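Chain B: place on chain A using the hints.
Protein chains: 2
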Amino acid sequence: MGDAEARIHAAEAETLSAHRSDPDAEPTTPRVATLGFVPTMGALHDGHATLIERAREQNDVVAVSIFVNPLQFGPGEDYDKYPRQPDEDLALLREYGVDIVFIPELEVMYPGGEPLVRVSSGRLGTMFEGAARPGHFDGVLTVVNKLFNVVVAAAGPHRGRAYFGQKDAQQVALVQRMVADFAIPLVVCPVAIVRDDDGLAMSSRNSYLDPEERKAALVLSRTLALLREEGLSRGYAGIDVDAARERISDRDGVDLEYLEIVDPKTFEAPVENSERATALAAIRVGGTRLIDNMDVI
Amino acid sequence: MGDAEARIHAAEAETLSAHRSDPDAEPTTPRVATLGFVPTMGALHDGHATLIERAREQNDVVAVSIFVNPLQFGPGEDYDKYPRQPDEDLALLREYGVDIVFIPELEVMYPGGEPLVRVSSGRLGTMFEGAARPGHFDGVLTVVNKLFNVVVAAAGPHRGRAYFGQKDAQQVALVQRMVADFAIPLVVCPVAIVRDDDGLAMSSRNSYLDPEERKAALVLSRTLALLREEGLSRGYAGIDVDAARERISDRDGVDLEYLEIVDPKTFEAPVENSERATALAAIRVGGTRLIDNMDVI
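These protein sequence lines are chains A and B, in that order. With our numbering applied, the first sequence covers 1 to 297. With our numbering applied, the second sequence covers 1 to 297.
Hints should not be assumed to be uniformly reliable.
Examples of chain B residues lying across from chain A (beta carbon under 10 Å, computed) [what the hints assert, rightly or not]:
id : residue
1  : P115
2  : S120
3  : P134
4  : D138
5  : K146
6  : A155
7  : M178
8  : V179
9  : D181
10 : G235
11 : I248
12 : V254
Keep in mind the hints are simulated off the structure, nothing from the lab. Because the structure is a prediction, the values reported are computed rather than measured. By construction, the Cβ of each residue, glycine as well, lies at the ideal position given by its N, Cα and C atoms.
The following block holds chain A by itself, in its conformation from the complex (with noise of 0.2 Å):
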């Protein structure tokens, strides 16, 4: 803490300096110190390095929180099973060289029990992960205003940039859509979804797999990555959904929830003027529920 409010400082006393060294020198804007916040539940693994090393090569000084938020899981889903790794992951942090580290107890998040005001998602939270996750996106729109007001709002307006993995494509779409409605004053920035050498997309719940569905569990980025290859080589009409979501059904020890081709702004069919189009899935592989996304124009 010591050291990121010394960097803080430090670039906002340089700023300073420079600034009144020559007083006939044409203003310039002035250089402030920006901060780089990546909001975690923990188990950390190499897509959130991939976060935290996007925020360090932007920012002055970069903020970290881990907390399992109780708001976005649902009766029956593994809120308590969730991988807790505190001292893996602040070692890990060290060694990223993470300025801020925030790991709140339940208690300090919540004082007096769950809130009473919350952020609302609305429709695009009722869609794909939040049909299948009721309140899901309500919960972790409620924690990641909350965690803005906390970590972020400190550096100032306009100096905050929060990254998140786009994975979590409906996640990234309502939180950008969040700081717009709200007028949060910082920047959100998706990065890539990083993949294990098999393709698997990087996930904490990853570790509930073992060997056989992890086995599984690839037929969903291969899917992904011909329905993209078709995109790419035939366009979006020559995409054969149906035979994609037959290919995931057939797997064994596979369900397939859904698979569909979506504006990943808006979650409906793309349209002709829609920037992207992408394809998203979400599959159980034994307990275990696993999401996972590719651009396919």
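Coordinates of chain B only, in the frame set by chain A:
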């Protein structure tokens, strides 16, 4: 705007120079410029003047917003006929010595239409005024949160105070709740109700009343004053709420919507450790809905 910025910078410069003049001095908490913010829907009256005066006393810079927020009006409510008088308002604000005035067009506050992501006011938002006006408090909190992010955040965290009139007691409770639940880094300052000489609580909606209606409306504040007297002299148990309800209902031209005594933090019946108990009521006089409240212990 230029003046206000200059004032913030001057205050900060003072702080810095005071800090640097004697390197051996004991470190003190630097005095930084603070911002007092009064969000309004315009049609300013002496109640607003009191909020602004308080903001002026307690802060270096005062900002006022004027925005008639459609999100907080239900279908069939008075959004279209709500009094709008920007020229008179601006003249008053100049007179009051306000530094920053924010009068956004609808398209500035809600570009692309109404926001998808909103603030949800929870159970407290469905009681009393929320029961009579479904969605009202979600709309209030959504715009207040956004105004905080636009206007107050610019001053920096923990440098802002926001002023709200106690007439809208439930609004005050919900904004305080939101600021706590969201960890918004500013302080909410409730300001006591301002009344006309006849006792009527000031409200922009009083302009809807004709002279007969205005006379009839006085039963509201007079009845609340009686309850307060009963409470102060005989204690909570000595308050006859039913008689008070009858007194209002018996007045020609007045319909009672509700009259209850509540803990103004929870809006539930006061309990042993409640700090305050407040009588709050809503009536209809002709086409106009009026609310008022008074502490009774």
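Comparing the hints with the structure gives:
Annotation: interface hint on P115 (chain B) holds; nearest CB of chain A at approximately 4 Å, less than 10 Å. A distance limit of 10 Å between C-beta atoms decides the matter here; for S120 (chain B) the minimum to chain A is near 4 Å, and the interface restraint holds. Given the 10 Å rule on beta carbons, the hint for P134 (chain B) is violated: about 14 Å separates it from the nearest Cβ of chain A. Proximity of D138 (chain B) to chain A holds as hinted, the smallest CB-CB distance being about 7 Å (cut-off 10 Å).
Nearest Cβ of chain A to the Cβ of K146 (chain B): about 5 Å, under the 10 Å cut. The hint holds. At about 9 Å, the closest approach between the beta carbon of A155 (chain B) and any beta carbon in chain A falls short of 10 Å, and the interface hint on this residue holds. A distance limit of 10 Å between C-beta atoms decides the matter here; for M178 (chain B) the minimum to chain A is near 4 Å, and the interface restraint holds. Because the closest C-beta pair between V179 (chain B) and chain A is about 9 Å apart, less than 10 Å, the hint holds.
For D181 (chain B), the interface hint holds, the least distance from its beta-carbon to any beta-carbon of chain A being 4 Å, beneath 10 Å. Evaluation of the G235 (chain B) hint against chain A yields a violated restraint, the C-beta minimum of about 29 Å exceeding 10 Å. A distance limit of 10 Å between C-beta atoms decides the matter here; for I248 (chain B) the minimum to chain A is near 30 Å, and the interface restraint is violated. Against a cut-off of 10 Å between C-beta atoms, the interface hint on V254 (chain B) is violated, since the closest Cβ of chain A lies about 33 Å away.
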